[in-house]
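Read top to bottom, the protein sequences are chains S and C.
One point on numbering: in our numbering, the residue at position 13 of the first sequence is 14, and numbering is uninterrupted.
One point on numbering: in our numbering, the residue at position 46 of the second sequence is 52, and numbering is uninterrupted.
Simulated from the structure, these hints should not be mistaken for lab results.
It is possible that some hints are incorrect.
Claimed, not checked - Computed cross-link-like contacts, SDA-like style, restricted to lysine to any residue with a CA-CA straight-line distance of at most 25 Å:
| no. | chain 1 | residue 1 | chain 2 | residue 2 |
| --- | --- | --- | --- | --- |
| 1 | S | LYS56 | C | ARG77 |
| 2 | S | LYS56 | C | THR11 |
| 3 | S | LYS93 | C | ARG31 |
| 4 | S | LYS128 | C | ASP13 |
| 5 | S | LYS93 | C | ARG25 |
| 6 | S | LYS273 | S | ALA241 |
| 7 | S | LYS93 | C | ASP28 |
| 8 | S | LYS6 | S | ASP111 |
| 9 | S | LYS262 | C | ASP13 |
As the list claims (entries may be wrong) - Pair by pair, the computed Cβ-Cβ distance ranges are:
| no. | chain 1 | residue 1 | chain 2 | residue 2 | range |
| --- | --- | --- | --- | --- | --- |
| 10 | S | GLU305 | C | THR11 | 52 to 60 Å |
| 11 | C | LEU9 | S | LYS328 | 52 to 60 Å |
| 12 | C | LEU9 | S | THR324 | 52 to 60 Å |
| 13 | S | GLU224 | C | GLN88 | 30 to 38 Å |
All C-beta atoms, glycine included, are put in the ideal place defined by N, C-alpha and C.
What follows is each chain in one-letter form.
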Amino acid sequence: MLAAKVIADQGIAVEGVNFFTGFCVEGHTHAIRENRSKRPKRNNALWVAEQLGIKLHIIDVIEEYKDIVLNPRHGYGAHLNPCLDCKVFMVKKAMELWLSDGFMSEHGFDFIITGEVIGQRPKSQRKATMPLIARESGADDRLLRPLCAKFLPETLPEREGWVDREALFGFHGRNRTPQIELARRLGIEDWAQPAGGCCFLTDDSYSDKLQDLWQAQGVRSYELDDIMLLKVGRHIRPAANFKLIIGRELGENRYLEGYRKQFPALKLESHKGPLCLIDGTPSAADLLLAARITGRYSQGREAEQIVVSVNWPDGRREELTTTPLPKAELAPEWLIGA
Amino acid sequence: MALETLDTRGLLCPLPVIRTQDRIRSLAPGSMLVVTASDAGTLQDIPAWCRVHGHRLVTTEQTEEDIEKGRTYRFTICVVEQ
Ligand code: SF4
Numbered sequence: 002m003l004a005a006k007v008i009a010d011q012g013i014a015v016e017g018v019n020f021f022t023g024f025c026v027e028g029h030t031h032a033i034r035e036n037r038s039k040r041p042k043r044n045n046a047l048w049v050a051e052q053l054g055i056k057l058h059i060i061d062v063i064e065e066y067k068d069i070v071l072n073p074r075h076g077y078g079a080h081l082n083p084c085l086d087c088k089v090f091m092v093k094k095a096m097e098l099w100l101s102d103g104f105m106s107e108h109g110f111d112f113i114i115t116g117e118v119i120g121q122r123p124k125s126q127r128k129a130t131m132p133l134i135a136r137e138s139g140a141d142d143r144l145l146r147p148l149c150a151k152f153l154p155e156t157l158p159e160r161e162g163w164v165d166r167e168a169l170f171g172f173h174g175r176n177r178t179p180q181i182e183l184a185r186r187l188g189i190e191d192w193a194q195p196a197g198g199c200c201f202l203t204d205d206s207y208s209d210k211l212q213d214l215w216q217a218q219g220v221r222s223y224e225l226d227d228i229m230l231l232k233v234g235r236h237i238r239p240a241a242n243f244k245l246i247i248g249r250e251l252g253e254n255r256y257l258e259g260y261r262k263q264f265p266a267l268k269l270e271s272h273k274g275p276l277c278l279i280d281g282t283p284s285a286a287d288l289l290l291a292a293r294i295t296g297r298y299s300q301g302r303e304a305e306q307i308v309v310s311v312n313w314p315d316g317r318r319e320e321l322t323t324t325p326l327p328k329a330e331l332a333p334e335w336l337i338g339a
Numbered sequence: 007m008a009l010e011t012l013d014t015r016g017l018l019c020p021l022p023v024i025r026t027q028d029r030i031r032s033l034a035p036g037s038m039l040v041v042t043a044s045d046a047g048t049l050q051d052i053p054a055w056c057r058v059h060g061h062r063l064v065t066t067e068q069t070e071e072d073i074e075k076g077r078t079y080r081f082t083i084c085v086v087e088q
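Chain S with its partners taken away, still in its complex shape (with noise of 0.2 Å):
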């Protein structure tokens, strides 16, 4: 947001991009999660586009990037995170963009901006990865970062004067404290950077699940509704074969019901309770323990006796009566991320 405001008030017509790789902390999320219900749930990259008055255009990244996250030729950072490699897929992407046929402006655009710090993020934002970002993006010197630019080399807008060099930054490090003045001084009250990372894939939890999706296929792939799920509920495996995602509250409740026709569905008849969706090939035996720990996370923890519905995909229903799992029979190992 810095950074294009930065370069907006130097006269230069500013477009945004913001890529969907299905990891993004933002939107759906909010959409799921009822106990924020009351926070608007806005997509904060629009949101940023309204306040700067410069279009936004989000862009459909979710099969190209299966590549960056299973294959990262420069490793993760502390979790799943593929960091390095995915701002060089962004801005070679956003490149890709500019050069196709009237994607964006029919005038076209002259350079790439991004709102990297130096020394912001520990692996991805250090003052060797930029120059290799821009590098292997076939940006080279198209791309400028105007928050840290008295840092680096001139670039071509620089050295061309489209950008006045002395009005760009030079910030590093992890204090935020000069760019929110900065951003205080440019008149952005409300600033919507996240301080943590952009994506589910720099958090612990979520990335256990991953791993978790990974080891229980046999194979390091995924589809959408994959990721999405592993972004909702509670993921409880007792066993290889199988695993449990139960809903937190009822908008994870309401996401997980979009799901019934590719998995079963556990539902508590007897009292309120979340529902729970079951991934793998259960059997009889494991559909049972499924039921008792649907149970522990309902209403009816303490009740002497559950009823429980299993509802197929295919339409066939049945009911299970039975107790629900006493907390010390739950073991930790089997709560994924937790």
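Place chain C with the ligand on chain S using the hints.
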């Protein structure tokens, strides 16, 4: 002018916005596009996207019938010269 339609039900934000954006790119100015969506996030995002790109959001509706079938929102957008 024929009404173009786009069904994004079942998709979570920002996918309904992306599909709307991609569709509008192929439509001539003056075209009308009706988008149906089930994600409540679209109530914020589709109007915001229209404002950002200068397209005119003519109506936002949620009908009785929609409510019965689950949450559905319907947006009518008039495509403006881009
Ligand atoms: S945290 Fe940001 S840079 Fe890192 S992988 Fe996620 S989207 Fe890419």
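Holds or violated: LYS273 of chain S with ALA241 of chain S, Cα cutoff 25 Å?
With a Cα-Cα distance of about 29 Å, the restraint between LYS273 of chain S and ALA241 of chain S is violated, given a limit of 25 Å.
For LEU9 of chain C and THR324 of chain S, compare the CB-CB distance with the range 52 to 60 Å and indicate the outcome.
holds, 56 Å
Tell me if the straight-line CA distance from LYS93 of chain S to ASP28 of chain C falls inside 25 Å.
The given pair, whose Cα atoms are some 20 Å apart, holds under the 25 Å limit.
LYS93 of chain S and ARG31 of chain C: Cα distance at most 25 Å?
holds, 22 Å
Hint consistency between LYS6 of chain S and ASP111 of chain S [alpha-carbon to alpha-carbon, up to 25 Å]
holds, 17 Å
Keeping to a limit of 25 Å between CA atoms, is the pair of LYS56 of chain S and THR11 of chain C held or broken?
holds, 24 Å
LYS128 of chain S paired with ASP13 of chain C [C-alpha distance capped at 25 Å]
Given pair LYS128 of chain S, ASP13 of chain C is violated - Cα atoms ~46 Å apart, limit 25 Å.
Does the Cβ distance between LEU9 of chain C and LYS328 of chain S fall inside 52 to 60 Å?
For LEU9 of chain C and LYS328 of chain S the Cβ distance comes to about 56 Å; the hint holds.
Check the hint pairing LYS56 of chain S with ARG77 of chain C against an upper bound of 25 Å on the C-alpha distance.
Distance ~29 Å between LYS56 of chain S and ARG77 of chain C Cα, so the pair is violated.
Could you grab the alpha-carbon distance between LYS93 of chain S and ARG25 of chain C and see if it respects the 25 Å cut-off?
holds, 22 Å
Are the Cα atoms of LYS262 of chain S and ASP13 of chain C separated by 25 Å or less?
Given that 25 Å is the threshold and the Cα spacing comes to 19 Å, the pair holds.
I want to verify a distance hint. Is the separation of the beta carbons of GLU224 of chain S and GLN88 of chain C within 30 to 38 Å?
holds, 33 Å
When the structure is compared with the earlier hints, violations turn up for hints 1, 4 and 6 and for no others.
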